[in-house]
Amino acid sequence: MIAARGVADPTPAYYPGCSLDGLGNPYEVSARQVLAHLGLKLERIVDYNCCGATEVKNLSHDVSLALPSRNLALARARDHHEVVAACSGCVYSLARANEAIADEPTRMRINALLEEGGAPTYDGGASVQHLLEFIYRRAGPERVRAAVRRPLTGLTVAPYYGCLYTRPRCYTGVGKLAGTDDPIHPHFLDELLVACGADVARDFRAKTICCGGGHALSDLDVSVAFSASILAEARRAGADLVATICPLGEINIENNLDRVRAAYGAEVVRPVAYFTQLMSLAFGASLREARLADNFSRPDRLLRSRGFT
Amino acid sequence: MPIVEKSLVEVDRNDSVKLDGIDVSGDWSAFLRSRVVADLDPCILDWVKDQPLGSTITRCWQCGTCTASCCLHTDYGMAEFNPRYFLYLAKIGYATELRRYTNTIWRCLSCNKCVERCPKGVKVEEVVHAIGRYLRVTGAAPESPADRFDRAFTENLLDRGILDEVALFRTYERLEGRRTPLREMLRMGVRLFWSGRLRTGPFANRTRGWNRMREVLRARLAEDERRALSTASPVRAGAGGTR
Ligand code: SF4
Ligand code: SF4
Numbered sequence: 146m147i148a149a150r151g152v153a154d155p156t157p158a159y160y161p162g163c164s165l166d167g168l169g170n171p172y173e174v175s176a177r178q179v180l181a182h183l184g185l186k187l188e189r190i191v192d193y194n195c196c197g198a199t200e201v202k203n204l205s206h207d208v209s210l211a212l213p214s215r216n217l218a219l220a221r222a223r224d225h226h227e228v229v230a231a232c233s234g235c236v237y238s239l240a241r242a243n244e245a246i247a248d249e250p251t252r253m254r255i256n257a258l259l260e261e262g263g264a265p266t267y268d269g270g271a272s273v274q275h276l277l278e279f280i281y282r283r284a285g286p287e288r289v290r291a292a293v294r295r296p297l298t299g300l301t302v303a304p305y306y307g308c309l310y311t312r313p314r315c316y317t318g319v320g321k322l323a324g325t326d327d328p329i330h331p332h333f334l335d336e337l338l339v340a341c342g343a344d345v346a347r348d349f350r351a352k353t354i355c356c357g358g359g360h361a362l363s364d365l366d367v368s369v370a371f372s373a374s375i376l377a378e379a380r381r382a383g384a385d386l387v388a389t390i391c392p393l394g395e396i397n398i399e400n401n402l403d404r405v406r407a408a409y410g411a412e413v414v415r416p417v418a419y420f421t422q423l424m425s426l427a428f429g430a431s432l433r434e435a436r437l438a439d440n441f442s443r444p445d446r447l448l449r450s451r452g453f454t
Numbered sequence: 400m401p402i403v404e405k406s407l408v409e410v411d412r413n414d415s416v417k418l419d420g421i422d423v424s425g426d427w428s429a430f431l432r433s434r435v436v437a438d439l440d441p442c443i444l445d446w447v448k449d450q451p452l453g454s455t456i457t458r459c460w461q462c463g464t465c466t467a468s469c470c471l472h473t474d475y476g477m478a479e480f481n482p483r484y485f486l487y488l489a490k491i492g493y494a495t496e497l498r499r500y501t502n503t504i505w506r507c508l509s510c511n512k513c514v515e516r517c518p519k520g521v522k523v524e525e526v527v528h529a530i531g532r533y534l535r536v537t538g539a540a541p542e543s544p545a546d547r548f549d550r551a552f553t554e555n556l557l558d559r560g561i562l563d564e565v566a567l568f569r570t571y572e573r574l575e576g577r578r579t580p581l582r583e584m585l586r587m588g589v590r591l592f593w594s595g596r597l598r599t600g601p602f603a604n605r606t607r608g609w610n611r612m613r614e615v616l617r618a619r620l621a622e623d624e625r626r627a628l629s630t631a632s633p634v635r636a637g638a639g640g641t642r
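Chain order of the listed sequences is A and B.
End of the first sequence sits at 454 in the working numbering; the numbers just go up one at a time, nothing left out.
End of the second sequence sits at 642 in the working numbering; the numbers just go up one at a time, nothing left out.
Some hints could be false.
As the list claims (entries may be wrong) - The calculated lysine to any residue pairs, modelled on SDA-like cross-linking and capped at a C-alpha distance of 25 angstroms, are:
#1 K321/A <-> A291/A
#2 K448/B <-> R434/B
#3 K352/A <-> K448/B
#4 K490/B <-> R516/B
#5 K352/A <-> T464/B
#6 K352/A <-> N481/B
Said to hold, decoys possible - Listed next, the stretches of chain A that the computed footprint assigns to chain B, with coverage defined by at least 3 CB atoms under 8 angstroms from CB atoms of chain B:
#7 180-187
#8 191-202
#9 253-265
#10 306-319
#11 404-416
Treat the hints as calculated values from the structure; they're not laboratory data.
Cβ atoms here follow ideal geometry from the backbone N, Cα and C, with glycine treated the same way.
Could you put the whole structure together from the sequences, leaning on the hints where they help?
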């Protein structure tokens with residue numbers, strides 16, 4: 146079989162990324178609760194910097210590689226072999242740097258930049274994975290089921306994976322390395338939600354379509370249309386709410402809700418929540434503890450009406 | 400059981416069919432008026448394949464998988480957004496035709512479906528951005544909203560090492576001459592404040608020890624921009640015109 150992720154690391158590094166320390170903070174808080182419940186440990190990268198997402202590469206190739214490489218170098222300096230990120234955009238750009246610096250001239254150029262900037266250099270060896278994959282592989286549905294105190298019974302959830310959790314496999318390794326998700330028909334999130342007692346909208350066909358987040362501000366009509374099509378498909382598939390694994394997707398869809406309502410009707414709109422918020426709820430956290438009232442789409446209201454407190 | 404062969408093309412001959420004054424009876428290729436594209440510009444391919452983002456363009460064998468998978472083309476239905484065609488035009492250097500898409504190419508959402516599915520390992524999303532950049536640096540395309548966003552995003556994050564999302568939102572709105580009503584901004588601000596997420600301006604997150612890195616990366620950014628400008632020769636007027 147094909148190679149697995151890097152050397153098994155008892156406590157992988159955790160790369161938060163800008164969003165988890167900013168607008169996506171409910172994701173970080175609930176992720177910490179989930180990890181604690183499952184007895185999983187991550188070590189936060191101290192003094193990390195922005196990974197550059199998909200934007201910086203359009204201006205400068207070297208800067209777009211130096212930014213993520215600095216973070217991977219910090220992880221390696223603490224002897225980590227695995228790096229976990231909760232944002233799909235971060236997974237993409239960190240993994241992209243790994244692929245690019247395998248080329249020696251590129252690596253030397255990037256390391257010269259890092260050195261000049263006073264950062265440790267990076268020679269590879271920090272494998273990058275998404276938080277969803279980490280939870281699935283390290284705990285798995287069985288341990289999640291055992292940790293559930295308040296099953297999400299009666300709740301139908303649309304599992305939305307978006308773009309960069311799996312794509313492209315030449316960077317993320319998903320679908321290429323052993324034990325990773327299926328890039329065309331991903332199912333890790335489905336299984337974790339089922340383990341939490343939720344019903345998963347089985348026929349939800351918008352799992353991996355784009356949310357338009359790449360142009361959340363720069364091409365409004367397109368991003369509203371994509372947000373609306375995800376919500377409309379969730380409705381068609383009978384879902385009460387949408388679970389996301391990416392702060393850009395979450396914030397883009399939520400930011401577009403008023404426009405979706407105006408253009409496509411209020412009945413299309415569904416609340417959107419991070420998967421870790423739903424898992425934390427199932428593990429016994431209150432709506433407030435799981436920060437469900439902080440999402441702009443207010444999933445707490447729906448959940449309260451279903452008897453969750 | 401015998402296999403009965405059916406004719407796929409119905410024989411439909413008429414002795415005098417004329418289209419646009421051309422006699423096309425019995426000869427389908429007569430439909431195609433012969434056309435010569437003159438003065439194709441090989442500089443486009445040379446420039447694109449020399450860019451780190453564009454280097455995989457030469458692997459493309461024009462199968463069209465990228466276009467069929469493209470979320471803009473297929474899911475959204477933007478028929479004129481056709482990555483396979485953009486690569487084709489760049490490869491043959493058909494500048495006039497490529498220029499018809501200056502307001503289309505920048506719309507790529509970086510969803511990476513094309514890269515995931517390309518059977519030839521072309522990093523289509525990156526090549527599409529390289530072609531878009533070629534049009535911009537040669538002056539064939541004006542700065543697009545995506546260009547402005549990329550720049551605002553990059554400058555914002557280089558400042559402190561960590562992105563200030565709220566400031567980025569406001570800077571970008573200013574660049575586009577848009578303005579979210581003050582009431583709405585306040586409403587958002589209050590919610591962010593109470594949930595401890597108003598980390599902007601003086602309260603923004605920052606990376607410790609970033610100063611040196613900021614200068615180094617800013618210098619490289621400027622250098623790359625200069626190099627992109629100096630290596631691209633302006634699109635020749637009339638290059639790739641038809642006659
Ligand atoms: S999928 Fe790849 S090989 Fe096929 S047309 Fe697109 S870029 Fe070319
Ligand atoms: S990355 Fe761009 S070109 Fe590729 S499928 Fe997505 S929108 Fe289309």
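The hints, checked one at a time:
no.	hint	in the structure
1	K321/A <-> A291/A	violated, 30 angstroms
2	K448/B <-> R434/B	violated, 28 angstroms
3	K352/A <-> K448/B	violated, 34 angstroms
4	K490/B <-> R516/B	holds, 20 angstroms
5	K352/A <-> T464/B	holds, 20 angstroms
6	K352/A <-> N481/B	holds, 23 angstroms
7	180-187	violated (count 0)
8	191-202	holds (count 10)
9	253-265	holds (count 5)
10	306-319	holds (count 7)
11	404-416	violated (count 0)
Consistency with the previously given hints fails for numbers 1, 2, 3, 7 and 11, ordered from lowest to highest.
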